[in-house]
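Chains A, D and R, in that order, give the protein sequences. Following numbering that gives the first Met the number 0, the numbering of the first sequence begins with 0 at its first residue and continues without gaps. Following numbering that gives the first Met the number 0, the numbering of the second sequence begins with 0 at its first residue and continues without gaps. Following numbering that gives the first Met the number 0, the numbering of the third sequence begins with 0 at its first residue and continues without gaps.
Hints are computed from structural coordinates only; laboratory data are not their basis. Some clues are possibly wrong.
[Claimed, not checked] Negatives, chain A to chain R, calculated, CB over 12 angstroms:
no., residue
1, Asp15
2, Lys16
3, Asp167
4, Val221
5, Glu313
6, Asp331
[To be verified] From the structure, some residues in chain A lie toward chain D, with a derived Cβ separation under 8 angstroms:
no., residue
7, Ala73
8, Val233
9, Thr279
10, His281
11, Arg288
12, Tyr305
13, Asn337
Small disclaimer: the values here were computed from a predicted structure and weren't measured. Every residue gets a Cβ at the ideal spot worked out from N, C-alpha and C, and that includes glycine.
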Amino acid sequence: MANKILAKDQLGAFVDKLKAGREVFAPALVGDKVVWSPLDSAEGLLLDFSNTDLSPKDFFFPQTECMMRFANDAKAPDGMIMQAEPELKTPRALMNIRPCDAKAMQVLDLIFIQDQMTNDAYWRDKREKTLLIGLACNDPCPTCFCTSVNCGPHHEVGLDLLLVDLGDRFLVKVISQRGAEAAAGLPEAGAAEEVQAAELKAKAEAMITEGVGMDNVNAREVMELYEAPLWDRVQENCLNCGTCTFCCPTCHCFDIQDEVQGTDGRRVRNWDYCMSWLFTMHGTGHNPRGTKKDRVRQRFMHKFKYIPMKRGGEIGCVGCGRCVQLCPVNIDVRRVVNQMNG
Amino acid sequence: MRNTYIPYPVRIKDTRVETEDKQLKSFWLEFMNPADADAFAYTPGQFAELSVSGYGEIPIGIASSPTEGQDLLFTVNKVGVVSNRLHNMKAGDVMGVRGPLGNSYPLKASEGKNIVIVAGGFAVTTLRSTMIWLLDPANRAKYGEITFIYGARTPGMLLYTDEWTSWQQSGQANVNVTIDREAPGWTGLVGFVPSVTEQVAPKPDNAVALICGPPVMIKFTQPVFDKLGWKPEQIVMSLENRMKCGIGICGRCNVGPEYVCKDGPVFTKAQLDKLPREY
Amino acid sequence: MDNQAIAQKIREVAKKLLSEGKVDVVIGYAQGSVPMRDYPYFAYTPEEAENLTWSGFCNSNLANFTIRRPGRMAVVAQGCVTRNLVGLIKENQLKRENLFVIGVASPGMLDRNKVQAAFPGKLITSVQEDGADLVVTGRGFAERLPRKRFMKDNCYTCVQRNPVICDELIGEESEPTHGGDIDKVAAPWEKLAAGERWAEFQETFKDCIRCYACRDACPLCYCHVCFVDESQPQWCGKTQDEADVATFHILRAFHCAGRCTDCGACEAACPQGIKMRRLTSKIEKDIRELYGYRPGMSLEQEPPLVVYRPNDPQDFIK
Chain A
0 MANKILAKDQ
10 LGAFVDKLKA
20 GREVFAPALV
30 GDKVVWSPLD
40 SAEGLLLDFS
50 NTDLSPKDFF
60 FPQTECMMRF
70 ANDAKAPDGM
80 IMQAEPELKT
90 PRALMNIRPC
100 DAKAMQVLDL
110 IFIQDQMTND
120 AYWRDKREKT
130 LLIGLACNDP
140 CPTCFCTSVN
150 CGPHHEVGLD
160 LLLVDLGDRF
170 LVKVISQRGA
180 EAAAGLPEAG
190 AAEEVQAAEL
200 KAKAEAMITE
210 GVGMDNVNAR
220 EVMELYEAPL
230 WDRVQENCLN
240 CGTCTFCCPT
250 CHCFDIQDEV
260 QGTDGRRVRN
270 WDYCMSWLFT
280 MHGTGHNPRG
290 TKKDRVRQRF
300 MHKFKYIPMK
310 RGGEIGCVGC
320 GRCVQLCPVN
330 IDVRRVVNQM
340 NG
Chain D
0 MRNTYIPYPV
10 RIKDTRVETE
20 DKQLKSFWLE
30 FMNPADADAF
40 AYTPGQFAEL
50 SVSGYGEIPI
60 GIASSPTEGQ
70 DLLFTVNKVG
80 VVSNRLHNMK
90 AGDVMGVRGP
100 LGNSYPLKAS
110 EGKNIVIVAG
120 GFAVTTLRST
130 MIWLLDPANR
140 AKYGEITFIY
150 GARTPGMLLY
160 TDEWTSWQQS
170 GQANVNVTID
180 REAPGWTGLV
190 GFVPSVTEQV
200 APKPDNAVAL
210 ICGPPVMIKF
220 TQPVFDKLGW
230 KPEQIVMSLE
240 NRMKCGIGIC
250 GRCNVGPEYV
260 CKDGPVFTKA
270 QLDKLPREY
Chain R
0 MDNQAIAQKI
10 REVAKKLLSE
20 GKVDVVIGYA
30 QGSVPMRDYP
40 YFAYTPEEAE
50 NLTWSGFCNS
60 NLANFTIRRP
70 GRMAVVAQGC
80 VTRNLVGLIK
90 ENQLKRENLF
100 VIGVASPGML
110 DRNKVQAAFP
120 GKLITSVQED
130 GADLVVTGRG
140 FAERLPRKRF
150 MKDNCYTCVQ
160 RNPVICDELI
170 GEESEPTHGG
180 DIDKVAAPWE
190 KLAAGERWAE
200 FQETFKDCIR
210 CYACRDACPL
220 CYCHVCFVDE
230 SQPQWCGKTQ
240 DEADVATFHI
250 LRAFHCAGRC
260 TDCGACEAAC
270 PQGIKMRRLT
280 SKIEKDIREL
290 YGYRPGMSLE
300 QEPPLVVYRP
310 NDPQDFIK
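Just need the whole structure built from these sequences, with the hints factored in.
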C-alpha cells in the first residue's frame with residue numbers, strides 16, 4: 000500500500016473526514032497537562048507534546064467497565080440472570096497516538112484474545128471499532144526506551160496509519176487496509192519525503208541511549224531470576240501503590256465485583272494492581288504473595304519474563320517511560336531490568 | 000462468538016450439608032437452557048466459576064462426573080462473601096455457572112496405567128468426579144488397578160460417604176478411607192493420609208498418582224511417594240488460587256508464568272518443581 | 000548551609016553511624032534518574048552511604064519506612080517528618096531507642112508539578128537549586144526562576160521547620176516557620192456553602208485514579224488491612240464512580256484526624272496532581288481549634304482523640 004502525504008493545511012479536511020460516523024480523540028493540553036480528549040476539529044490538534052500521563056488503554060479497557068447487568072429480583076422474568084452490556088455503538092479514531100502506545104495495544108491483543116474461551120468480548124469489540132492513527136516521535140524523551148523492547152519511535156506495529164512530521168506536511172505511512180481507506184484521496188508520497196522520514200527515524204532512534212538488555216533475562220530460567228538477590232533491594236522503597244500499573248499501557252490486571260442498588264444489579268470490572276496485598280489473598284487468609292518483595296518481583300517477572308515466555312517473545316513493556324516519570328519513589332524499570340539481565 | 004464472561008443460568012436442584020460442622024454444602028445444579036447443558040462438556044479435574052448475582056463468583060472444582068448426566072455437582076466451603084450467600088440459598092434459586100474452565104486430570108494420557116488417588120479433606124471434590132468417571136463401565140476397562148486413599152479428620156467430616164461406600168462394595172477399586180483418630184462407630188482405617196499411603200504402598204510401575212489435599216498433607220505425603228520410587232512426572236496435583244476472570248486474563252492466579260485457571264489447575268509435580276511457590 | 004554541604008554532612012554522619020555499628024541502616028535520599036525526584040534510599044554500609052544526597056526535591060516522608068521495621072535505623076528528617084516519627088513512637092509502631100534522627104531544618108521543599116506547570120508540555124531535563132534561584136533546563140530552554148515561588152503548598156504555611164526530636168542536627172536551626180498563616184489553608188473551604196463545597200470537592204478529585212499512592216506514601220496509613228480492602232462488609236466501592244472515589248478520600252482524611260502533620264507527601268506522590276490536603280487541612284484546623292493540639296510536637300503530648308477529658312468540647316455532638 001502506497002504511502003501518502005498530508006499537508007498540514009489539509010489537516011482540517013482530513014479530520015472532518017475521520018469524524019464522519021466516528022468519534023475522534025487526540026491528546027490535548029488541558030490546563031498544564033496533556034490528556035486524551037475529544038477532538039472537535041483540526042484547530043485544536045496538538046503536535047508538540049511528548050506523551051499523555053495516562054495511556055490510551057482506557058479506550059479499550061476502561062478503568063471501570065460494566066460487563067453485565069441483572070434484575071435483582073428473583074420474581075422478575077429473567078430475574079437474577081446476567082445480560083451482557085451492549086457493544087460500542089459508534090466507531091472511534093485515536094489520532095496522534097504514539098507508536099509505543101499502539102504497540103502496547105497489540106501486545107494486549109495477545110493476552111485478551113487467545114482462543115475460544117480466553118476471549119475478551121469487551122476488549123475485542125472496542126479494538127475492532129477503533130482506528131489508530133499514530134504520530135511518530137521525532138524527539139524521544141530521556142525516559143523513553145522503546146528501541147530495546149521490540150518497539151521504536153517510528154514503529155508501525157498496531158497502527159493503521161503513521162504520521163511522520165516533516166515540517167509543513169506529514170508523510171502518511173499506510174499500514175493497514177482500514178488505514179488505506181482513511182487515507183484514500185491523499186496524494187502519494189515521493190522519494191524525497193520517504194528519505195526525509197527515514198532520516199528522522201534514524202535520528203530519533205539514536206537519541207534513545209538508555210535502554211534495557213533482555214538477552215540474559217530471556218536465557219535464564221524462571222527460578223534463577225525469581226531467586227536472584229536483587230529483589231531485596233529493588234523492593235525497599237516501593238510503596239506498593241498502583242501508579243506504575245495504572246499509567247502503564249500494557250498492564251491489564253483487573254478485578255470483578257458485583258454491585259447492587261435496589262432492583263438493579265451489575266457486574267463491573269475495575270483496574271486492579273498486583274502491587275496490592277489483596278490481589279492474591281485467599282479467603283482462608285493464606286496469601287501466596289504476602290510480602291512486598293513477592294509483589295514487586297511479580298510485576299517485573301510478569302512483564303519481562305512470563306509474558307515473553309507465553310506470548311512468543313513479545314515483551315510486556317513498550318518503553319514509554321511513564322512509570323519512570325511518575326513513580327513517587329523513582330523505581331526505574333530500566334535499572335531493574337538491567338539488574339535482572341546483569 | 001460467545002461472551003465467556005457471561006455465566007450460564009442454572010437453578011439449584013438440590014442441596015445437602017456434607018459435614019458435621021456445616022461448613023461444606025453440596026449443590027446440584029440444572030441448566031435452564033438445554034443448549035447450555037450441551038455446550039458445557041467437561042472432564043474430571045476441571046472447575047467452574049459459580050456466579051451468585053449481586054455477590055460475585057467463586058472458582059469451585061466440578062464434583063460431578065460427565066457420566067452422571069447433565070446436572071452439575073459442586074461442594075462449597077463457607078468462607079467469604081459469595082460462599083456465605085450460596086450456603087443460604089435453596090432449591091429453586093437461580094444462579095450462574097461459567098465454564099468448564101482449566102485443564103483436566105490426564106486421564107486420556109493415562110489409559111492402560113494404574114491410577115492412584117490420594118485425597119485429603121475438602122480436596123476430594125474433583126476426585127469424586129474422577130472416580131465415578133473411571134469406574135463407569137465405558138471407561139473402567141481402559142485402566143489397570145485403581146487405588147483410592149481418602150482421609151478426613153472425623154467420620155462427620157468425610158464427604159460423599161454413599162459414593163465411596165459403593166466404590167468399596169463394587170470391587171472395582173481398592174478403596175481406603177481413613178480418619179485421624181479413633182471414633183465411636185467407625186470400623187474403617189485410622190491414621191493420617193500419609194501413613195495410610197505408606198501402608199497401602201502403591202507401586203510406581205506404569206502408574207499415575209493424583210494427589211489433592213491441604214498443604215500439610217502434601218508436605219508429608221510427598222516423601223512417601225519419593226520413598227516408593229515415584230518420579231515427579233508421575234505425580235499430578237491440582238492447585239487453587241484466588242481467581243476472578245477464570246480464563247487467564249486478569250492476572251492474579253499465576254504461579255510464575257502459568258495461570259492456575261488456564262494452564263492449570265492440574266500440574267505434574269515435575270512442572271511445579273520448576274515454578275515459584277506462589278500458591 | 001547549601002544542599003551540597005548538607006548532603007556531605009549527612010554522608011559523614013551516616014558513614015560514622017554505620018561503621019561504628021550504631022545503626023543497621025541509614026534511611027535517607029539518593030538522586031533520582033529523572034529530574035526533581037530524589038528517592039528514599041537505604042544505606043547499609045559506609046560505601047552505600049556515599050549515595051546519600053539532599054535537595055529540595057526530597058519529597059517522600061521517610062517516617063513511612065520506619066513503621067514496624069526491625070532493627071535500629073537512622074532517618075534523615077526535617078520538621079514535619081520528625082513530627083511523624085514522634086507520632087509513630089506514640090502509636091507504638093516505632094521504638095525511640097531504635098531510632099537515630101539525623102535532623103535537617105527544612106528549606107521549604109519544592110513541588111515538581113509547579114515547576115513543570117511553568118513549562119506546559121515541555122520536556123525538563125534538569126533542575127538545580129542555586130541559592131534563591133531554581134535553574135530549570137530543558138529541550139531548547141534554560142531559565143532562572145525564584146525558588147520561593149515553587150515550594151510545596153504545605154511548606155508556605157509550615158509551623159515546624161526544625162526537627163522536634165533530633166540526635167544529630169545537620170547545619171543550623173532556621174526560623175521556626177515559613178511565616179504563612181496555617182489557618183488560611185482551610186479558610187477557602189470554610190467560606191463556601193455546602194453545595195459549593197461539594198462542587199469544589201468534585202472538581203478536586205475528578206482525576207483520581209485510585210492508585211492509593213497518597214495512602215501508601217503517608218506515614219499514618221499503616222493498617223494491616225486498609226478499609227478499602229475489606230469485603231465483609233465492603234465499606235468502599237472500587238469503581239471510578241464519584242461516590243466511591245469520594246468515600247475513599249473522605250474516610251482516609253478522617254483516619255488522619257489528630258495525626259496529620261501536613262507534610263504533603265500525599266500530594267507529592269500523587270501522579271495526577273490532586274490536592275487532597277484540602278480535606279486534611281480542614282480536619283487539622285478543627286482539631287487545633289477544638290483541642291488546641293498540634294500532632295507530633297513532643298513525645299509527652301497526649302493525642303486528644305485517644306484521651307478522655309471531662310471538659311472535652313462536645314457541642315458538635317447533636
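task: Identify every previously stated hint that the structure contradicts and give their numbers, smallest first.
output: 6, 8 and 13
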